[in-house]
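Enquirer: These are the residues of each chain, in order.
Number of protein chains: 2
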Amino acid sequence: MAKQAKNAISPTRSEDYPEWYQQVVKAADLAETSPVRGCMVIKPWGYAIWENIQRELDRRFKESGHRNAYFPLFIPMSYLQKEADHVEGFAKECAVVTHSRLEADDEGKLQPAGPLEEPLIVRPTSETIIGELFSKWVQSYRDLPLLINQWANVVRWEMRTRLFLRTAEFLWQEGHTVHATADEAMEETRKILDIYADFAEEFLAMPVITGEKTEAERFPGADVTYAIEAMMQDRKALQAGTSHFLGQNFAKSSQIKYLSAEGQEEYAWTTSWGVSTRLVGGLIMTHSDDDGLVLPPRIAPAHLVIIPVTPKEETRAAVLEYCQKLQKDLEAQPFLDGRVKVELDDRDIRGGEKTWGWVKKGIPVRVEVGPRDMEKNAVFVGRRDRAPKDKEAINRDEFVGGIGALLEEIQNNLLAKAKAFRDEHSREITSEADFVEFFTPKNREDPEIHAGFASVGFCCDPELEDKIAKEHKVTVRCIPNATADEEVPCIFTGKPGKRVVFAKSY
Amino acid sequence: MAKQAKNAISPTRSEDYPEWYQQVVKAADLAETSPVRGCMVIKPWGYAIWENIQRELDRRFKESGHRNAYFPLFIPMSYLQKEADHVEGFAKECAVVTHSRLEADDEGKLQPAGPLEEPLIVRPTSETIIGELFSKWVQSYRDLPLLINQWANVVRWEMRTRLFLRTAEFLWQEGHTVHATADEAMEETRKILDIYADFAEEFLAMPVITGEKTEAERFPGADVTYAIEAMMQDRKALQAGTSHFLGQNFAKSSQIKYLSAEGQEEYAWTTSWGVSTRLVGGLIMTHSDDDGLVLPPRIAPAHLVIIPVTPKEETRAAVLEYCQKLQKDLEAQPFLDGRVKVELDDRDIRGGEKTWGWVKKGIPVRVEVGPRDMEKNAVFVGRRDRAPKDKEAINRDEFVGGIGALLEEIQNNLLAKAKAFRDEHSREITSEADFVEFFTPKNREDPEIHAGFASVGFCCDPELEDKIAKEHKVTVRCIPNATADEEVPCIFTGKPGKRVVFAKSY
Numbered sequence: 001m002a003k004q005a006k007n008a009i010s011p012t013r014s015e016d017y018p019e020w021y022q023q024v025v026k027a028a029d030l031a032e033t034s035p036v037r038g039c040m041v042i043k044p045w046g047y048a049i050w051e052n053i054q055r056e057l058d059r060r061f062k063e064s065g066h067r068n069a070y071f072p073l074f075i076p077m078s079y080l081q082k083e084a085d086h087v088e089g090f091a092k093e094c095a096v097v098t099h100s101r102l103e104a105d106d107e108g109k110l111q112p113a114g115p116l117e118e119p120l121i122v123r124p125t126s127e128t129i130i131g132e133l134f135s136k137w138v139q140s141y142r143d144l145p146l147l148i149n150q151w152a153n154v155v156r157w158e159m160r161t162r163l164f165l166r167t168a169e170f171l172w173q174e175g176h177t178v179h180a181t182a183d184e185a186m187e188e189t190r191k192i193l194d195i196y197a198d199f200a201e202e203f204l205a206m207p208v209i210t211g212e213k214t215e216a217e218r219f220p221g222a223d224v225t226y227a228i229e230a231m232m233q234d235r236k237a238l239q240a241g242t243s244h245f246l247g248q249n250f251a252k253s254s255q256i257k258y259l260s261a262e263g264q265e266e267y268a269w270t271t272s273w274g275v276s277t278r279l280v281g282g283l284i285m286t287h288s289d290d291d292g293l294v295l296p297p298r299i300a301p302a303h304l305v306i307i308p309v310t311p312k313e314e315t316r317a318a319v320l321e322y323c324q325k326l327q328k329d330l331e332a333q334p335f336l337d338g339r340v341k342v343e344l345d346d347r348d349i350r351g352g353e354k355t356w357g358w359v360k361k362g363i364p365v366r367v368e369v370g371p372r373d374m375e376k377n378a379v380f381v382g383r384r385d386r387a388p389k390d391k392e393a394i395n396r397d398e399f400v401g402g403i404g405a406l407l408e409e410i411q412n413n414l415l416a417k418a419k420a421f422r423d424e425h426s427r428e429i430t431s432e433a434d435f436v437e438f439f440t441p442k443n444r445e446d447p448e449i450h451a452g453f454a455s456v457g458f459c460c461d462p463e464l465e466d467k468i469a470k471e472h473k474v475t476v477r478c479i480p481n482a483t484a485d486e487e488v489p490c491i492f493t494g495k496p497g498k499r500v501v502f503a504k505s506y
Numbered sequence: 001m002a003k004q005a006k007n008a009i010s011p012t013r014s015e016d017y018p019e020w021y022q023q024v025v026k027a028a029d030l031a032e033t034s035p036v037r038g039c040m041v042i043k044p045w046g047y048a049i050w051e052n053i054q055r056e057l058d059r060r061f062k063e064s065g066h067r068n069a070y071f072p073l074f075i076p077m078s079y080l081q082k083e084a085d086h087v088e089g090f091a092k093e094c095a096v097v098t099h100s101r102l103e104a105d106d107e108g109k110l111q112p113a114g115p116l117e118e119p120l121i122v123r124p125t126s127e128t129i130i131g132e133l134f135s136k137w138v139q140s141y142r143d144l145p146l147l148i149n150q151w152a153n154v155v156r157w158e159m160r161t162r163l164f165l166r167t168a169e170f171l172w173q174e175g176h177t178v179h180a181t182a183d184e185a186m187e188e189t190r191k192i193l194d195i196y197a198d199f200a201e202e203f204l205a206m207p208v209i210t211g212e213k214t215e216a217e218r219f220p221g222a223d224v225t226y227a228i229e230a231m232m233q234d235r236k237a238l239q240a241g242t243s244h245f246l247g248q249n250f251a252k253s254s255q256i257k258y259l260s261a262e263g264q265e266e267y268a269w270t271t272s273w274g275v276s277t278r279l280v281g282g283l284i285m286t287h288s289d290d291d292g293l294v295l296p297p298r299i300a301p302a303h304l305v306i307i308p309v310t311p312k313e314e315t316r317a318a319v320l321e322y323c324q325k326l327q328k329d330l331e332a333q334p335f336l337d338g339r340v341k342v343e344l345d346d347r348d349i350r351g352g353e354k355t356w357g358w359v360k361k362g363i364p365v366r367v368e369v370g371p372r373d374m375e376k377n378a379v380f381v382g383r384r385d386r387a388p389k390d391k392e393a394i395n396r397d398e399f400v401g402g403i404g405a406l407l408e409e410i411q412n413n414l415l416a417k418a419k420a421f422r423d424e425h426s427r428e429i430t431s432e433a434d435f436v437e438f439f440t441p442k443n444r445e446d447p448e449i450h451a452g453f454a455s456v457g458f459c460c461d462p463e464l465e466d467k468i469a470k471e472h473k474v475t476v477r478c479i480p481n482a483t484a485d486e487e488v489p490c491i492f493t494g495k496p497g498k499r500v501v502f503a504k505s506y
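Line by line, the protein sequences give chains H and G.
Reading the first sequence from the start, the letters are residues 1 to 506 in the numbering used here.
Reading the second sequence from the start, the letters are residues 1 to 506 in the numbering used here.
Simulated from the structure, these hints should not be mistaken for lab results.
Incorrect hints may have been included.
Claimed, not checked - DSS-like cross-link-like pairs, simulated, lysine-lysine; straight-line CA separation at most 30 Å:
#1 H:K191 x H:K136
#2 H:K360 x G:K136
#3 G:K26 x H:K252
#4 H:K257 x G:K354
#5 H:K354 x G:K62
#6 H:K328 x H:K312
#7 H:K257 x G:K360
#8 G:K109 x H:K82
#9 H:K257 x H:K82
Given the structure is predicted, the values throughout are model-derived calculations rather than measurements.
Please work from the sequences and hints to get the whole structure.
Expert: Rendered as structure tokens:
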């Protein structure tokens with residue numbers, strides 16, 4: 001049990017945050033890099049988290065009237081060019097399909113053959129292809145609103161990739177909607193933003209700021225981009241989801257028109273919005289500690305593990321039977337809209353290795369049961385939101401009856417802890433000098449650990465924003481919705497400004 | 001109501017079966033062709049069927065110990081070449097990615113740029129890339145069996161495509177497993193085949209024959225391929241799912257080895273298996289009639305629709321309220337592992353148009369409620385497994401209480417009808433002359449309507465099989481498992497043979 005003396009993950013967060021992240025992902029067996037540049041493999045424990053994200057978001061999308069559909073993986077090259085900003089944003093990094101088969105050359109080596117008349121792009125996002133189809137689906141005001149979502153893979157040829165956070169291929173959902181009026185499209189854009197924010201807080205226990213992006217960070221082709229922004233434990237911001245009001249830009253480039261009730265032909269208004277497997281990265285970095293992954297119960301693939309402690313052969317069968325009965329009783333307990341999910345780890349390996357394996361996988365509750373616990377009708381319980389050594393004996397039936405409440409308590413604790421961390425590293429800053437001080441690495445022990453979120457008055461001048469980004473490596477994460485109506489003087493220019501959040505970001 | 005005099009779909013099955021299929025898909029709004037050659041768009045009603053297929057299969061895979069994961073979309077070109085039969089099978093039709101960005105030329109026209117060192121193939125199936133990863137995941141006998149499934153899109157550059165049945169891009173699941181022994185791998189292969197067959201019968205109400213493929217129809221790289229084969233209404237066979245025993249072929253080409261309990265390094269044994277959106281095509285062709293789609297309740301996106309009949313303005317509000325209450329009560333009724341799913345169609349369009357719209361969409365039960373039904377506390381019920389005009393008045397509360405049983409009755413009827421159809425068009429044939437007679441088009445009114453399934457003794461000689469395929473356009477669909485032990489003389493050569501099923505196929 002030598003490992004209990006130190007932490008399970010090396011390096012620790014304070015020693016080397018980026019490497020700590022990679023090691024947490026590895027130790028929890030969530031994902032790994034693949035032989036294909038920039039593409040990751042999502043392993044079962046990581047994919048089960050993504051399935052839980054999908055299930056809950058899908059439920060919320062359907063409840064709010066959206067329906068799923070599926071559109072082609074490929075986009076004709078010419079489509080990308082229809083919207084000027086859009087092509088600018090996506091042409092620089094995309095997978096281009098140019099051939100339709102392989103042929104062996106004289107030396108028996110395969111070569112691309114069957115060149116295509118028009119190259120195809122593997123979708124980096126689907127506005128252009130979906131726009132083309134929507135222009136046929138939408139004819140009359142009776143066809144509106146059209147509320148569609150797609151679960152899919154997309155590809156952006158990123159040069160610097162990191163598991164979950166930035167990969168060439170990633171999984172996501174992309175919503176695409178069409179409305180008769182600007183107001184309705186804007187209402188949809190903000191409704192989705194709220195769904196994202198509520199989901200992040202309620203399920204991922206990840207507090208987020210909702211707000212509008214400045215011009216520099218807007219989606220290519222959007223009039224307005226909203227985002228949810230979360231603070232990671234290195235105090236950098238993670239953009240965890242975006243919702244775009246596209247105005248009539250794509251309606252015009254794709255000719256999405258409808259006949260109004262008054263018989264007029266009108267251009268429609270569209271929105272698009274998405275979250276991706278990046279959410280898993282945000283989840284990891286919000287809660288995990290130097291012992292590995294920490295999972296909020298509502299998103300965990302399993303809620304608790306039972307570990308039979310059977311040092312002596314003669315009590316083995318009885319302990320195992322006791323554990324199986326315990327599992328059955330726990331699995332009968334309700335949690336969320338389902339039941340408590342229980343793993344029984346009866347693998348024939350050392351107990352310490354087993355326990356630390358589950359700590360590193362982030363399972364919310366560990367239950368150890370040995371012959372003496374069994375005699376006392378007790379279980380020995382460890383919680384992932386407390387130190388690994390901090391375990392307590394609980395009466396078995398009390399534990400079973402209270403498991404739902406315990407899981408909710410852990411969920412709430414993790415959210416409260418993440419909120420407290422964010423608040424602790426958020427400052428209201430009123431002068432340029434304080435701003436520079438706040439974001440200057442020399443004032444902190446580790447230059448890789450950042451200052452946090454600075455809430456400041458800013459005139460939102462794009463050139464000034466660009467200059468600040470270059471000088472201090474920080475950007476405007478958003479103009480928070482909560483204070484969007486405030487008028488505050490710009491701390492750099494003294495001009496009238498908005499309240500914005502500056503931070504370093506992923 | 002002119003439409004009620006004739007059928008809703010034109011042409012009918014007997015007039016032009018392939019065109020009837022396209023029109024059913026269109027009338028039910030299931031899918032459409034896209035501007036990208038060979039790629040389809042799956043529309044919400046069609047996608048909801050696929051989601052139901054996914055949900056139930058996923059449940060069965062997980063229940064039998066499989067876990068989901070996600071692997072890269074791209075496969076390096078050289079990987080495909082590792083297994084000789086495999087590259088032979090897939091190199092001829094695949095999407096090849098050769099560039100990583102687009103650049104505007106002097107005329108502002110986009111051109112592929114950033115050529116890749118090694119071209120990438122969009123996965124047509126993932127044995128080679130998953131094999132590469134499994135070779136790292138599998139080290140010891142303790143790591144086995146490894147039971148993984150992936151839900152994904154794949155691309156095969158098909159020249160002749162048809163919605164759902166054969167498309168360049170399609171959605172599927174692909175299972176990939178690794179085992180310590182040949183027996184265990186074979187057991188897995190057959191277990192999955194049974195899952196497919198049970199699912200097809202129990203949910204799609206599509207009876208299937210399970211059996212082994214002959215060499216000619218084997219998966220490229222497999223030692224044994226099993227399939228489920230269903231009969232469509234043109235009496236052609238549809239291969240609806242396959243399960244492959246891959247022997248040690250991919251273990252050797254990908255170096256999947258494990259250390260046995262005895263400390264020996266051994267090559268593992270692998271399997272792979274898949275079903276795709278093609279199942280939706282099979283579903284359509286098994287049950288639909290000349291009025292459009294017919295959906296078995298267990299797979300239908302919604303089980304019933306309530307259509308308020310409100311000819312007079314003054315009773316409109318009361319009828320609508322009555323219908324809303326009816327919807328609520330129906331939605332409280334259990335069906336399968338959930339509840340009855342109800343649509344209330346209060347659109348302001350003609351009643352006939354509404355009714356026929358739902359007939360064409362295949363909804364299992366239609367309920368019409370007018371002011372007089374309301375007074376009598378009755379509902380007017382039409383079932384999709386009966387003629388559209390065949391409706392009956394039922395006491396409202398009796399109907400609500402009996403809805404679960406009614407849906408099961410419809411489900412069972414559709415399966416029984418499909419089984420009867422298949423049996424009616426299946427023959428045991430004992431001579432070459434009868435075989436030729438059975439498959440010769442001149443003996444039937446419409447050469448496009450085929451003879452059905454011929455059960456014959458066959459020596460399984462590949463050259464003879466090829467000759468028969470060319471002469472009669474029929475192939476061995478499978479060697480049915482149910483009679484695999486029988487020794488029967490070949491009707492062509494008199495040599496000892498197996499009992500096989502010959503048919504025309506999709």
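Enquirer: Name the hints, by number, that the structure is in violation of.
Expert: none
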